[in-house]
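Protein chains in written order, with the numbering used here: chain C, 1 to 153; chain Z, 1001 to 1260.
These are calculated hints, taken from the structure and not from any lab test.
From the three backbone atoms N, C-alpha and C, an ideal C-beta is built for every residue, glycine too.
A few of these clues could be false.
Not close to chain C: a few residues of chain Z, all C-beta gaps over 10 Å, as computed [to be verified]: (1) Leu1013; (2) Thr1124; (3) Val1162; (4) Leu1170; (5) Met1187; (6) Asp1192; (7) Phe1193; (8) Leu1209.
Chain C side only, calculated, beta carbon under 7 Å to chain Z, not exhaustive [stated by the list, open to error]: (9) Gly10; (10) Phe14; (11) Val23; (12) Gly119.
Listed next, the stretches of chain C that the computed footprint assigns to chain Z, with coverage defined by at least 3 CB atoms under 8 Å from CB atoms of chain Z [stated by the list, open to error]: (13) 24–32; (14) 91–104.
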Amino acid sequence: MKRNSVLELGVGLFMLAGILGLVFLGLRVSGLGVGVPQNTFTLTANFANIGGLRPQAKVTMSGVRIGKVTDIELDPKWFDAKVTMQIDSQFDGKLSDDTTAAILTAGLLGEQYVGLTVGGSPKMLHDGDVIHDTQQALVLEQLIQQFVSNMAK
Amino acid sequence: MIDRIAALGRGTLDVLMAIGRAGLFLVQSVFCLPSREGFYLWVRQMHFVGVMSVAIVLVSGLFIGMVLALQGYTILVGFGADEALGQMVALSLVRELAPVVAALLFAGRAGSALTAEIGLMKATEQLTSMEMIGVDPLRRIVAPRLWAGFVSLPILTVIFAVVGIWGGHLVGVDWLGVYDGSYWSNMQDSVDFVGDVLNGMVKSLVFGLVVTWIAVFQGYDLVPTSEGISRATTRTVVYASLAVLGLDFVLTALMFGDFG
């Protein structure tokens, strides 16, 4: 079989395009970080109900993204949901320790995310600290139930 | 009456024998020892099967992404959720549309050509002459084509998904005015690399195997007449498309269906 360098070049470019495409899908579309993770610090918060919150959900403050949810598990001590978040390290020591965390919904049917609101305490949150003041997710069924039982009175 | 039962039994036996031949054929040709010459044959087929299909995949990927964004936008804006456009476009492309549509196009573009090529080789007795001079046609003709199909369909799928997401960006962000940042960040929040992207790749690997297998086997197993070639080419496209759509449901149910 005679070799054909134009043909080999074409196939090489084709396979390279596939690999580059996969890299694009990994980095740009599914948001994988490469190598060293960005500088972040960890905060945890316990919620009575997380609704539809999932790992990788964003953590925002005033609507601006400052971190993401990395882990959600059931706290065996209190039987509520323990949400671990990674926040951009530029806010390490800048958030007061009475910061509140609420689970919010983007739009009416959008996905759920964590919204932080700073308080006025002079003490600051550091890596590994726990946010105590939390607000659980809005569950539509519970709202309707409350509404119906109020109507019945 | 007896004749009908006999015909039914004959039909069943024929189908079973065809399946058996197809299975043996696959095993015999896939496990050929790799050689330097086999590699060049494979590169030649990669060009024919993969590189030549890039144009159709680019164009259809672009338009499917654009249509998805347009349709998705008109639906989502009704709920005030047009920010979720990126997520919708990316998830439907990566999980479903890219593997399936690329496989269907591949069956039509490359599969039919493979069947016709091998079929004509059989009709003009090139395959028999190869055996006469001691060259194994499974190894020389079939194996490079099978391997080229397995490798190129996943690559075509990736290209399809990337172009489609870019087309969705073109329509959604540049034309309809969805905010650029939320297009990408919503996408990154919801698309999981292993769960979505790699599962889509597994799908396209399976489709690549099935489509090329059907195409090459139909070419190798046809009745060596001009009518037989035309029938086999039609059968390739029909069987491959049906197999892709059916397998897609099974794979989706296994991957995303929570049957655990």
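So, going through the hints one by one against the coordinates:
1. Leu1013: Correct as stated: the minimum Cβ-Cβ distance to chain C is 40 Å, above 10 Å.
2. Thr1124: The claim holds: Thr1124(Z) sits with its nearest Cβ about 20 Å from chain C, beyond 10 Å.
3. Val1162: Incorrect as stated: the minimum Cβ-Cβ distance to chain C is 4 Å, not above 10 Å.
4. Leu1170: It holds; Leu1170(Z) is separated from chain C by about 15 Å at its closest Cβ, greater than 10 Å.
5. Met1187: 6 Å, violated
6. Asp1192: 6 Å, violated
7. Phe1193: For Phe1193(Z), whose nearest Cβ neighbour in chain C is about 4 Å away, the distance does not exceed 10 Å, so it is violated.
8. Leu1209: Non-interface label on Leu1209(Z) holds, nearest chain C Cβ at 17 Å vs cutoff 10 Å.
9. Gly10: 5 Å, holds
10. Phe14: With Cβ-Cβ at 5 Å, under 7 Å, it holds.
11. Val23: 9 Å, violated
12. Gly119: 27 Å, violated
13. 24–32: holds (count 8)
14. 91–104: Coverage by chain Z is violated here, the residue count being 0 at a Cβ distance below 8 Å.
In summary, the numbered hints that this structure violates are 3, 5, 6, 7, 11, 12, 14.
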